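*Asks:* From first to last, the protein sequence lines are chains G and P. As numbered in this note's numbering, the first sequence has no gaps in its residue numbers, which increase by one up to the final residue, 390. As numbered in this note's numbering, the second sequence has no gaps in its residue numbers, which increase by one up to the final residue, 390.
In short, the hints are calculated from the structure, not lab data. Only a predicted model underlies this, so the values are computations on that prediction, with no experimental measurement involved. You can trust all of the hints, since none of them are fake.
When chains are identical, the list treats them as one kind, so a pair holds in a single copy or across two.
When the alpha-carbon atoms are kept at most 20 Å apart in a straight line, the in silico EDC-like pairs for lysine to aspartate or glutamate are as follows:
1. K17 to E55
2. K256 to D286
3. K17 to E51
4. K24 to E175
5. K257 to D286
6. K301 to E255
7. K58 to E16
8. K58 to D86
Number of protein chains: 2
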Amino acid sequence: MLIVQKYGGSSLATAEKILYVANKIKENYLKGNDMVVVLSAQGDMTDILLEKAKEISKNPSKRELDVLLSTGEVQSAALMAMALEDRGFSAVSLNALQAGIFSTSEHGLAKIVSINPTRIKNELKAKKIVIITGFQGIDEHGNITTLGRGASDTTAIALASALVADLCEIYTDVEGIYTADPKQVENAIKHKELCYNETLELAQMGASVLHSRSVELAQKFGIDFFVKSSTIESEPTLIKACNLEEKIISGIASEKKICKLSITNISGEKMLLILQLLAMHKISVDMASCVANNLSFVVHKSDLSKTLEIINAYFSEEILVEKNLVKISLVGTGVAYDTEILALFYETLLKEGVEISLLSLSTIKISVLVKKDDTKRAIKALHKNLVEGV
Amino acid sequence: MLIVQKYGGSSLATAEKILYVANKIKENYLKGNDMVVVLSAQGDMTDILLEKAKEISKNPSKRELDVLLSTGEVQSAALMAMALEDRGFSAVSLNALQAGIFSTSEHGLAKIVSINPTRIKNELKAKKIVIITGFQGIDEHGNITTLGRGASDTTAIALASALVADLCEIYTDVEGIYTADPKQVENAIKHKELCYNETLELAQMGASVLHSRSVELAQKFGIDFFVKSSTIESEPTLIKACNLEEKIISGIASEKKICKLSITNISGEKMLLILQLLAMHKISVDMASCVANNLSFVVHKSDLSKTLEIINAYFSEEILVEKNLVKISLVGTGVAYDTEILALFYETLLKEGVEISLLSLSTIKISVLVKKDDTKRAIKALHKNLVEGV
Numbered sequence: 001m002l003i004v005q006k007y008g009g010s011s012l013a014t015a016e017k018i019l020y021v022a023n024k025i026k027e028n029y030l031k032g033n034d035m036v037v038v039l040s041a042q043g044d045m046t047d048i049l050l051e052k053a054k055e056i057s058k059n060p061s062k063r064e065l066d067v068l069l070s071t072g073e074v075q076s077a078a079l080m081a082m083a084l085e086d087r088g089f090s091a092v093s094l095n096a097l098q099a100g101i102f103s104t105s106e107h108g109l110a111k112i113v114s115i116n117p118t119r120i121k122n123e124l125k126a127k128k129i130v131i132i133t134g135f136q137g138i139d140e141h142g143n144i145t146t147l148g149r150g151a152s153d154t155t156a157i158a159l160a161s162a163l164v165a166d167l168c169e170i171y172t173d174v175e176g177i178y179t180a181d182p183k184q185v186e187n188a189i190k191h192k193e194l195c196y197n198e199t200l201e202l203a204q205m206g207a208s209v210l211h212s213r214s215v216e217l218a219q220k221f222g223i224d225f226f227v228k229s230s231t232i233e234s235e236p237t238l239i240k241a242c243n244l245e246e247k248i249i250s251g252i253a254s255e256k257k258i259c260k261l262s263i264t265n266i267s268g269e270k271m272l273l274i275l276q277l278l279a280m281h282k283i284s285v286d287m288a289s290c291v292a293n294n295l296s297f298v299v300h301k302s303d304l305s306k307t308l309e310i311i312n313a314y315f316s317e318e319i320l321v322e323k324n325l326v327k328i329s330l331v332g333t334g335v336a337y338d339t340e341i342l343a344l345f346y347e348t349l350l351k352e353g354v355e356i357s358l359l360s361l362s363t364i365k366i367s368v369l370v371k372k373d374d375t376k377r378a379i380k381a382l383h384k385n386l387v388e389g390v
Numbered sequence: 001m002l003i004v005q006k007y008g009g010s011s012l013a014t015a016e017k018i019l020y021v022a023n024k025i026k027e028n029y030l031k032g033n034d035m036v037v038v039l040s041a042q043g044d045m046t047d048i049l050l051e052k053a054k055e056i057s058k059n060p061s062k063r064e065l066d067v068l069l070s071t072g073e074v075q076s077a078a079l080m081a082m083a084l085e086d087r088g089f090s091a092v093s094l095n096a097l098q099a100g101i102f103s104t105s106e107h108g109l110a111k112i113v114s115i116n117p118t119r120i121k122n123e124l125k126a127k128k129i130v131i132i133t134g135f136q137g138i139d140e141h142g143n144i145t146t147l148g149r150g151a152s153d154t155t156a157i158a159l160a161s162a163l164v165a166d167l168c169e170i171y172t173d174v175e176g177i178y179t180a181d182p183k184q185v186e187n188a189i190k191h192k193e194l195c196y197n198e199t200l201e202l203a204q205m206g207a208s209v210l211h212s213r214s215v216e217l218a219q220k221f222g223i224d225f226f227v228k229s230s231t232i233e234s235e236p237t238l239i240k241a242c243n244l245e246e247k248i249i250s251g252i253a254s255e256k257k258i259c260k261l262s263i264t265n266i267s268g269e270k271m272l273l274i275l276q277l278l279a280m281h282k283i284s285v286d287m288a289s290c291v292a293n294n295l296s297f298v299v300h301k302s303d304l305s306k307t308l309e310i311i312n313a314y315f316s317e318e319i320l321v322e323k324n325l326v327k328i329s330l331v332g333t334g335v336a337y338d339t340e341i342l343a344l345f346y347e348t349l350l351k352e353g354v355e356i357s358l359l360s361l362s363t364i365k366i367s368v369l370v371k372k373d374d375t376k377r378a379i380k381a382l383h384k385n386l387v388e389g390v
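Just need the whole structure built from these sequences, with the hints factored in.
*Replies:* Here is the structure:
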């Protein structure tokens with residue numbers, strides 16, 4: 001069986017942890033499996049390297065930042081291969097070029113274009129355990145790129161697809177994907193199975209378990225994969241294609257640090273122009289309401305100053321900003337079109353006295369914007385009535 | 001003018017130092033020069049990475065150790081390119097593959113086989129400052145190799161040769177090459193010019209200024225180069241081909257931690273066998289004397305345990321070991337064949353009451369083995385009578 005595994009930075013933070021993971025890889029290999037293992041950088045290495053860059057330049061060259069950051073995964077891959085070789089197992093670390101992972105040239109956010117797995121296959125034929133640097137690629141000019149924070153998941157899914165792997169496992173510091181953040185809701189239930197779309201929504205929950213592009217890629221190529229704990233033996237969550245007819249509630253997701261911007265007395269043309277400008281600057285506007293002459297929309301706190309800058313450059317209208325809001329979403333196939341669910345959702349929040357600042361519906365989720373202080377109470381009540389109750 | 005420069009790890013240890021070096025590079029570039037800059041890893045980065053490897057394995061895979069160590073130079077090259085870009089200068093960092101530096105496959109001690117400077121030339125044509133990772137190469141299978149500690153000097157000389165550079169400068173933490181270690185002999189004189197062979201002998205002096213293979217390579221390809229201080233403005237030492245007819249004393253070199261091994265009552269066949277065995281195990285035996293049935297030879301302290309192991313495995317003779325000796329060499333073209341110089345050398349040590357444990361002569365040096373406590377006195381006296389006196 002050909003197995004692709006991915007281990008995150010917290011599973012590799014120390015020599016001891018690397019040796020622990022090496023033992024897990026070894027066990028799988030000894031069962032006769034071909035092993036391809038994708039690694040992130042150790043612990044907070046990526047942050048340490050970013051800090052080094054900031055000491056040199058406030059706005060470091062994106063090409064050179066990619067070169068610098070790429071060394072984190074190269075180090076963890078080399079250390080893991082060493083650990084396996086030390087135990088008498090033949091292993092080899094491969095960087096993006098050696099692994100044939102080709103990407104676009106957008107430094108910092110490159111996308112995988114193609115994978116040429118010739119060398120990986122040759123190393124597997126030679127019975128080697130193949131350790132691959134996650135998070136990075138090579139563009140058409142031979143330059144090093146990175147695929148965005150957390151993108152080692154995406155590397156693993158892309159390799160599983162290119163190698164036609166029999167099994168793909170993403171090891172994380174959580175035990176799987178839950179119906180809500182277990183830190184916030186003690187009755188949160190771990191999913192045994194979950195569809196791609198719902199996973200995408202829930203993935204951002206709590207400790208941001210998965211890189212969203214990895215799930216999109218898995219969906220595109222139909223790669224089923226497991227989300228597992230790297231430290232605890234427990235049943236994982238299987239992420240797979242879903243039966244669209246099935247109506248299921250997957251859980252409650254939340255996203256902090258959301259800002260709501262409101263502009264009153266503005267024309268429809270101007271509203272449209274504002275949204276177009278934001279799209280042009282790649283600022284994601286997740287929720288928006290345009291009622292009469294009033295426009296409200298939300299952006300993440302990290303995009304706030306840029307958003308205000310863009311709007312103020314073109315418009316003189318006053319902008320009202322509400323910071324520190326939280327977006328709570330009920331995720332599940334078809335939930336938004338099920339009026340019973342919608343009604344129960346609304347009623348639950350009303351009974352809890354949670355003020356709803358904005359509400360939006362999409363195919364697989366109902367989202368509301370609430371005050372930070374109401375978050376925990378709202379999530380608990382929604383989980384009790386809509387997840388546990390179902 | 002095409003200039004190749006090399007900066008060592010101590011010149012790059014902090015963000016501040018990197019910015020200082022960036023300014024020096026910038027100044028040269030602004031004068032209209034094409035700049036190719038070879039960098040070592042920052043400060044003690046290589047030792048930190050070695051320590052990481054040791055935590056994983058007592059005897060780490062040589063291939064993977066090379067992968068790990070190579071990240072040190074990749075980081076300093078990226079940071080330097082960032083620093084230059086931050087100041088508005090177009091720069092690009094290139095790793096060994098991108099720079100076309102191909103080597104043999106002997107991990108840890110690979111030798112440069114060829115350089116394909118196409119990309120470097122293209123980047124120079126585009127008016128970029130090219131920053132290159134020293135110390136590393138790529139073998140024929142696309143694996144990362146390293147060329148040995150301090151080998152960034154060798155990278156610089158090889159690039160100067162491949163690019164037919166107009167000027168090659170090796171920046172170090174000393175001001176040039178002296179007639180003796182300035183820390184030991186206050187009257188030590190800095191050489192304005194020095195021949196390759198003498199440089200090879202003197203290079204090991206004190207802070208081991210140059211990687212010996214870089215000097216051999218420079219000699220092979222006739223590359224003249226300067227050894228300069230990266231922090232102090234002062235006249236450098238020019239290393240160049242020498243006039244073999246000229247008789248000059250270049251200086252006094254010394255090497256610490258030398259062990260002398262003596263075996264008495266041993267046959268000539270056995271003596272030969274011992275020396276052959278040591279050669280086979282790549283243990284360098286620098287001085288040896290075989291008088292009657294007595295064999296004496298010296299090895300560096302780091303080779304002592306392996307040497308004893310090898311000899312004890314084949315021979316039962318008792319081995320007498322003297323540790324903590326120092327080898328002092330008078331270096332200069334033809335010195336060993338000039339009986340006047342040899343006599344003065346001997347007389348100087350005799351008058352100072354320095355006991356000579358072993359003496360050997362080669363084309364360009366007279367070497368003696370002395371007790372550690374006699375070293376400073378011996379060097380001072382030899383420098384006074386043979387270097388300053390000449």
